[in-house]
Amino acid sequence: MKSKKIISALLTSCLALSITFAPMASAADAAKASTDNSDLINEVMKLLENYNLSDVDKDILIRGAIDGMVNTLDDPYSQYFNSEEAAQFEHAVDLEYVGIGVKLQYTPTELYIEEISPGSPAEKAGLKRGDTILKINGIPVDETDDSELSGAAGTKVTLLILRNGVTKSYVVTRNELNSTSVFGTLIGPKIAYISLSGFTQNSDEEFAAMLKKMRTAGMKSMVLDLRDNLGGYMDSAYNIASSFMDKGIMMYTSDQSGALTPVTITSGSKIGVPVVILTNEYTASASEALTGALRDNKLATVVGTRSYGKARIQSLLPVSNGDMLKLTTQKYLTPKKEDFNHIGLAPDIEVKGKTAQLITALQIAGMKTLEVTGDHHILNINGVPFAGNVGLVKQGDKTYASSLVLAALVEGEITWDAKNKKVIVKSGTGTSTGFTLSSKEALSQNGETYIELNAFKKKFPALVWSYNATQKQLKLSIK
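Okay, so the sequence shown: first residue is 1 according to my numbering, each after it adds one.
It should be emphasised that the hints constitute simulated quantities derived from the structure, not laboratory data.
Listed next, the in silico PhoX-like pairs over lysine-lysine satisfying Cα-Cα at most 20 Å (straight line):
no., residue 1, residue 2
1, Lys190, Lys212
2, Lys298, Lys270
3, Lys440, Lys459
Derived CB-CB ranges, DEER-like:
no., residue 1, residue 2, range
4, Thr429, Asn175, 51 to 61 Å
5, Ala153, Val384, 25 to 35 Å
6, Ser427, Pro108, 25 to 35 Å
7, Ser432, Ile478, 17 to 27 Å
8, Ala208, Gly447, 33 to 43 Å
Here a beta-carbon is modelled for each residue, glycine too, at the ideal position from N, C-alpha and C.
Given only the sequences and the hints, what does the whole structure look like? Please build it.
Laid out in structure tokens, this is it:
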């Protein structure tokens, strides 16, 4: 499987970005460049056309020359788009695409469906979260990648699915999808969970509507999930930041001059409740700007892992022939003037693991009672579905769960003792307890560790757990 390659391609192409639109005058200015250099380029092109051994396509030469100029900038975020590529780029930023409407999760041994978009072709075809994909159009997934799910609207893709030990083929018709960038739900003691998957041109309006809905429902705190948010339009990020702070500095920007200019909010509104932000290594660009703004203005606690590290802004410069140049024109710093480019923003509280991060954020936001259910693919917290899993592993009569999840439930942290092959759990009270591989109290698979639940309960009696053999689901809670 090629997940790392796919993710890398997304990050270096069009989605890890902060965008501002540039005025049309920029294109006109560019068209008035020195005629000396233009004459030289035309001279070389004429020589190639007249003397090259094989035929020369003039359009290809021009595009090659443009791409060559852009590539000399040594900037992975600057790109030249023809009109078709520009349209595809804008669709991608606005989360508009053709597909089946699933979010996939790779492990070293399998590919499964982590989330399904409501009303999507996948949902209509009968696919469910947690389904393992064995084949795509008859090809085993370890011999292909998820790009096979792409295609023209109206075309079909056949998936061989494994569910509860039974395999079945599903035919799904691809369709145009326009995903909302904001999802929200109220959980526990009036905790608003809001996930922001991108900064589209409508994200600020979607967020404002969701925030109003959460306030009406009695929101007392918020978890703002910016994990896997690769960025988008900076104007949307600015407007969303204005929903948290009435006035202050969102960030500093600088252009070729190097002078720092504060980007200020003057007529926003105070959020008025505690906020916890979730970040990971794919929290990038505009989502980092929002994170830095709320963190530095002491409006949020950041939980998770260090962010991606893209503190640069691109402008979309229209070209006279209808093409477009995406060019890095500014850098930005947080309100405390931190330039985190290529470094990322460090969280206030570092937590690894998708489920453990969410549990920790909910606890900080005021969640006192958590009931966590699921298996090695799916996750529910207090009956609400989330992306993630509990890391269920069954070996004979022993039942294991993710050590990260268990540590989060007891508000602790884990370390790995490589010499003694032991998982060490340090509780919130400072007590450290070890679980060794040799005793089978712990096990290690594919770079992750798991703890046998009876052994964990002996050391942490507050844990309550049960396993439903019929549904093959694990339930965890702390009494």
